[in-house]
Structure formats: structure tokens, C-alpha cells
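The primary structure of each chain is shown beneath.
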Amino acid sequence: MIGFAALVVLLPFAAALAGMLLGRRLRPALVAVVPMGLATVVSAGIAVTQWAQPGVRAGTLTMVHTAAVPIGVSLEVNGLAADVALMVCCVALAVQVYSVAYVHERYSSYAAFVSLFTAAMLLVVYAGDLLVLYVGWEVMGVCSYFLIGHHWEDRANSRAAVKAFLVTRIGDVGFLFGIFVLGLGAHTFSIDGVLAAPLSHTTMVTGTLLLLAGVAGKSAQFPLHTWLPDAMAGPTPISALIHAATMVAAGIYVVARLYPVFPAASLAVLGIMAAISMLGAALAALAQDDLKRVLAYSTISQLGFMAAGLAVGSRDAAVFHLLTHGAFKAVLFLGAGCVIGVTGSNLLRDMGGLRLMPFTFWSMTIGYAALAGLPPASGFFSKDAIIEAAQSSVFSTPMPRTASSLGGALPGWCAWIIYLTLLVTVLLTGAYAMRAWLLTFFGEPRGTYEIREAGPLMRWPLAALAAPALLLGWYAVFSGELRPHFGSAALALLLALAGAGVVFLIWNQDPALDPARRLPAPLARAFQRAFYLDEVYTVAIVRPAVALAMFVAIADHKVIDAGVEGTATGARGLAGVLRRAQNGNPQTYLTGLLAGVALIALAVVILT
Amino acid sequence: MHLVYPVVVAALLFSAGVYGVLARRNAILVLMSAELMLNAVNLNLVAFDVWLRDRLHGGQVLTLFTIVIAAAEVGLGLAIVLLVFRNRETIDIDSLQTLQESREGE
Amino acid sequence: MTTLDVVFVLLGVVAVGAAVLVVTTRQLVHAALWLVVSFGALAGGYLMLTAEFVAWVQVLIYVGAVVVLLLFGIMLTRAPIGRSADLDSGNRWAALAVALATAGVLVTVLVRGFRTAYAPLDVAGQGAAKPLGESVFRIWVLPFEVLSVLLLAALVGAIVLSRREI
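Protein chains in written order, with our numbering: chain A, 199 to 806; chain B, -11 to 94; chain C, 126 to 291.
Warning: the hint list may mix true and false statements.
What the hints assert, rightly or not - To give an idea of the chain B side of the interface with chain C (calculated C-beta under 8 angstroms), a few residues:
#, residue
1, Ser3
2, Val6
3, Gln48
4, Ala60
Claimed, not checked - Computed from the model, here is a short list of chain C residues facing chain B with C-beta under 10 angstroms:
#, residue
5, Leu129
6, Met173
7, Val182
8, Ile186
9, Leu212
10, Asn216
11, Trp218
12, Val223
13, Leu235
14, Thr241
15, Pro256
16, Trp265
17, Leu275
Keep in mind the hints are simulated off the structure, nothing from the lab.
The beta carbon of each residue, even a glycine, is placed where N, CA and C say it ideally should be.
When you get a sec, could you build the whole thing from the sequences and use the hints?
Shown next, in the form of C-alpha cells:
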């Protein structure tokens, strides 16, 4: 079993190596898709085996002995890992197939990086050791940088890639130190060891708070979320794979994986971060012009949902939402790719009337329905699970966590904040989803474009992902814990329909205009600029850092270089002074000589 | 005779000669000043010879020799001065500066 | 102070004064003539010191030959007759300092060293030609011969240097 898990990780890695080394000599499409397909089949096999015979299977390749704590290169397969790995493989395969038709420039390096990224994500999922997980984590970050900046000819894309890399890197420093704290506290880096070790409360709080820094960076939660909207500069399939379904889900996955180690204090912090991110991102999505940015803020908001689910104690609800979100957000992004391909512009105001693309229309409708949480789409069930968990943490005894729980329950005010924010966000999600749907597909075409359905290579991945987006939710009906409860489900549905309804009424008055025009202008601008957080960061952090760097550069040039060069100039100057004694006039020389003799004679006379 | 008199006269002659060698611009004047210095030396030699009642008359003989050498030196010195004059049209010492270290760089 | 001393001091004053004039005068030819005066005074001084042969040789060679040579040199190098303003180089103040220092050191040392030295001038005839000649040709004959070779070399050198058509 572990061998198969290793195979799942190594197949995309081999595809990446082959793609980078042999690039254009083999057909890059085949090099990308075939290993990915094989990996998907193998991971499906692993998942089925895991469902049939639940349990934990782990295996260690080798132990690396260090001075302090040994590192084990090990993999582990459990229920959580199997499910998430299967989702990752499906989305990655769909994206690879889609990209064959979508990406034309430098396709072979692109496909190789996507394969490498997939291998890294699968390593994170199947990791049995914290440092193995960290390796996968970092490789994902690097691949994200390369892929966002794929069209580097446009400077804006490179800058977005650098921004993504730097912001997530800040989080990763905290993540690494969190790993150190937990690993040294438990005297082992293996995840099972950390989960089983008796850690002191301080160690747990410190370690998990540091881990949360990395989670905030990778999963785009406040305050390290600013990179995700700009990362939309990358090709759309990348947005689908990395920034919707997989990499951003890695942070949630890590918290779920290490769930028993998280004390209530850390979960409270996570919950507050989630609440701020959810609400802020949903408001920002309401006023964005760019379709991909709407989806980016939506991702931040939905990740906040998952984090809130973890905070209120229901790991299974959060992971369920992670799986459904992976499906429906990928559908939305891939569909957006088709739409943008037709209209030639990312902006909502240049779209309209695209209902004549039936495949894309129906797939994206399913995606938006799941996003808004409307039955029968999967989003309805997964959102309800989270809201139910939040509701019970507020009104009654908290739901038992799905592992041994430590550290007490969430403080009451925290649970209230999370619950209320969830409800408001559901309303706003319905609103912005409806807005995007209407502006894209309905009304008269607002640009000059020829409406043609996308090619088969782009349609079939869309369909393949739309199916689970629609049907995955029904799993919840048959499982015990995730079954929808009437009260919370009805409340959520009502709020979503209310939000969507308001937007529809405004839109109906004039189908050609943006419903967001009804927002008061300063509010609209604040939402559009995501509450000016980017500007704040620029002034508070970026400018001082750049100023410091320039100061250092200038100091190096003016002080250190000048010092070094100054010694040469100084020596030459001194030599010039000495040179003046050689004026070619023998009388001068003789004067010096005789003066010296007189002085010596004087000295001899006086001193003896 | 108190030995101080010839000896001090010699010292003063020598100093005058030093000044002349160092301060005069014309090469021939420099030669003249050198002659003054040699004469001071001669006077010294004679004075000490008389004071010590040298049986070998070393001082006076050396004075004669010094006079001879000074004469030879003046002859050659003037020959050189004439050559310089022929080549440079001047015997102004301040303007004979080809041995000077150049102003710029090495 | 005997008469000898007084005369010698007077001759010394003349010699030193003429020497100072040689090194400070503005007129080139006058410098040569003051040099004659200085040499002549010195010859007188030698006479007072009973070195009569040296005195005559001084007059013969210095006044007779060397000064004439110098005058020839002055004429051949087109020296300006009459006052010329620039006979002192830019070095003169340093030169003055050095000369004064030299004078100071020498005079002080010598006065302090020879305060009690008195030369006996009552033994006559030690500076005459006969005793000096015996000394030269007996004891100092080797340097004498070498000097003659030196003179030959100087002669040849001067001629070679002065030729025009080398």
C-alpha cells in the first residue's frame, strides 16, 4: 500500500523530470497526461482499499539521523490522506487535459511544472513526517511562483509571482519554526509521533500558532491573503489547480492532519482569522470587475469557511467542504477560462449573453449553485455541515472533535463571531455568485466576440469536474455525521436566496448594467480595493524594506567602495606630496643634505 | 696666535661658501662659492699645521694638494658649464630641470 | 693680542667680507673681482701664519689662474655686464637658514673647543720652500705623483669636453 502511495507521488515527479529534461523531444502532452492518469487510477485504488479496510498504513524509506531529532522519510495512508489525494489527482488530471488546449507558449515547461507541483502536493498529502511535508510544501510554493509568472514577458505577471512567493514565504518561516517546536517537543518529527506525544500546553500553543502563520500564507487567510487576487495573472488552469483546489487547500489539510495537537487557543485565533477573511473577501468579491478576481476572493472566503469549520471543532465538515470546493471551484475557473477565451477579456463588463455556450453555461451554473450553497449541488451539503457545527458550538455543547480533544472548548464570544460571520457570508456569497452568473451569461453581449463553444479537450475536464460538484454532496446524506440538519440548512438556504434575490432584482432593472453600481461609491471603492490592505502593506512594509535595501546599497557603494578606492586615491595623493621634493634642482637637494648635516652636528654637540 | 682666529675665519668663509652654493642662480657663481669653501678648508689646514708644529708639514702639503685639485676642478667645471651653455643657451640652474619628477602620475 | 693677531684679524675681516660680497652681489663680474680680494686677503693670512710658500702658491694659482678661468667662463657664457636682477635662486631663504646654521654650529664648536689653544709663531722658517720641498719629495711623493696624473686627466677631459665637432 505504501509502495502504491509512493508510486502516486513518483509518477508525476517522473513526468516533471521527463518534461524538463527531454522537453520538446517527446510529445509533452503525453508526458504530462499519461503519468497523471496512471497516478489517478492508483490513488483511486488506494482510496477504495482505504474505504474498504479503514486503518492507518505507514512506511519509512530511511531515517536521517541528525544531532537532535531524527527525520524519517516516511509516507502514511489514512482516510483523510486517501480522500484528499484522490481529489488532487482528479483535479490535476482535468487541468492537465484542459491545458493541452489552453496553453500554447512554452507548453512543455508549463506541463513539467504542473506535474512537479502535483507530485509535491501529493507528497504533502501522503507525508508521514513533518519535514517531508515541509519539503512538499516548499516545492509547491516554488512551482506556484514559476507557474504564475509563466507569461513573464508582461512585467505585471512577474511581479504577481514574486508577490505570491514573498507573502507565502513569510508564512513559511513561521511554519518551519512551528514544525521545529512541535518536533523538538515530541522528540520526533513523524506526524503520528507528534500526535501521540504528551506535549506541554505551551509547546502546543506556540507550535500551532507558528504553524498557523504558514497556514495563513498558503491558504490565503487574513493577513497574508493579498497574494491570491494578484496571482490571477497566471494562466487560468493554474488558477484552477493551484489557487482553488490544491495548494490553498494544503493549509487546511495540515490543520486537519494535526488536529489533535491544536488547543482551543490556536483554534480561536484560526477562527477569528477565518471570520475576517470570509467577510472581507465576500464583500470584496461583490465589487470586482475582473471575473477571475471575483473567483479569487471567493476562494479566500470559502477557505475561511473551511478554517471556521476547523475552529468550531468539526474536522470532517471542513474536509468535506475542502473536497467539494476543490471540485466546484475548479469547474468555475476552467469555465472562466472558456469564457475568457471567447470574449478576449477578463472583465465582467465586457461579457454577457454567453448562454449560447451551453456546455460552459451549464457547468458554471452547477459551480455557482454549489458556491452559493443551493441544493442539490454539493456546496449545499458541505456548507450546511459547517454551519451546523458552528451553531451547535454556540447553542449547545460543542460537537466532539474527531480525535482526542485537548485544551477545552472554543470561548463563547469566539463561537458567536464565527457563527454570525458564517451566516452573513452565506448571504454575500449568494449575492456575488448571482452577480457574476448574470453578468457573464445573460443580457446582450457587451463586447464584440463570436460565441463558440470550447473544444473537446476543454469541455470534457469541465464535465468531469461538474459531476462531483453536483453529486458529491449526496455522500453526506448517507454518512452519519454530515447529514444535513433541517434548521441550519433552511436558514442557510434562505440567506443565500435572499442575497441572490436582491442582486437579481437590481440586475433586472437594467440587464446591461452592473448590479454593484447600487453600492454607495466609497463603499464600492473600498470593496473593490479589498479595503486598501495592499496599499497599507505597501506603505508599512514594502516601502521601508525597499528604502533599507537602497540605503544598504548606497552605503556599500559610497562608504565601503569609497573606502577601498579611497586608499588608492589617498596613497596616490601622498605620493604626489612626496614627489614635490624631486624638483630637478640640485641646489634644493644640496640644501636638504647640508641642513641635515648641520642638524646632526648640532645634535651630536648638544647631546654629548 | 690664538688658534680661534684663523679657525673662526675659516668657519665663516665656509658658511659664506655654503650660502653661495645653495642660493646662486648662475652656475659660475656656484663654482666661485665652491672655491670659497675650499679656501676655508685650506686655511684650517694651515692653522692646524702651525699649531701642531707638524714635523711632516702635513697640513701645508695638503693645502698645496688641495689648491692643485681645486684648480683642476675649476677647469673641468667650466668645461661642463660651457657645454651646458652650448646646448641649453642658459646656465641658469633653476631652469635646468630635466631631472625633475613629472607632475602627473608616474 | 699681539700685533700679529690684530693684522690677522683685519685680514680675516677683509676675506670674510669679500666672500660675503661674492655670494650676494648683483653683478657677476664684480663677484669675480671680490673673489680676487678674498683670495688675496687669504694669502696675506697665510703669510701671517708663517706659511709663506703656501701664500705664494695661493696667489699664483688661485688669483692668477682660477679667477682668470672664471672670468673666461663668465665671458664665454654671455654673462650680463652690469646689474642683473635674478642672480639669486628661489632657494635663497632655505640656503640662508642652512648657512647660518652651519656658521652657528661651526663657530660655537670651534670656539668652545679651541679656547685655550695658542699656535707658536716664533719658530720661523717652517713654511719656507726648502722644508716644504723636502717634505713633498720625500714623504708625500706618492700623492704628488698621483696628483700629476690627476692633472693630466683633467687636462685631457677639459679639452675633450670643449671640442665643438664631436
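- prompt: In ascending order, which of the hints set out earlier in this document are inconsistent with the structure?
  reply: Hint check: nothing fails, all pass.
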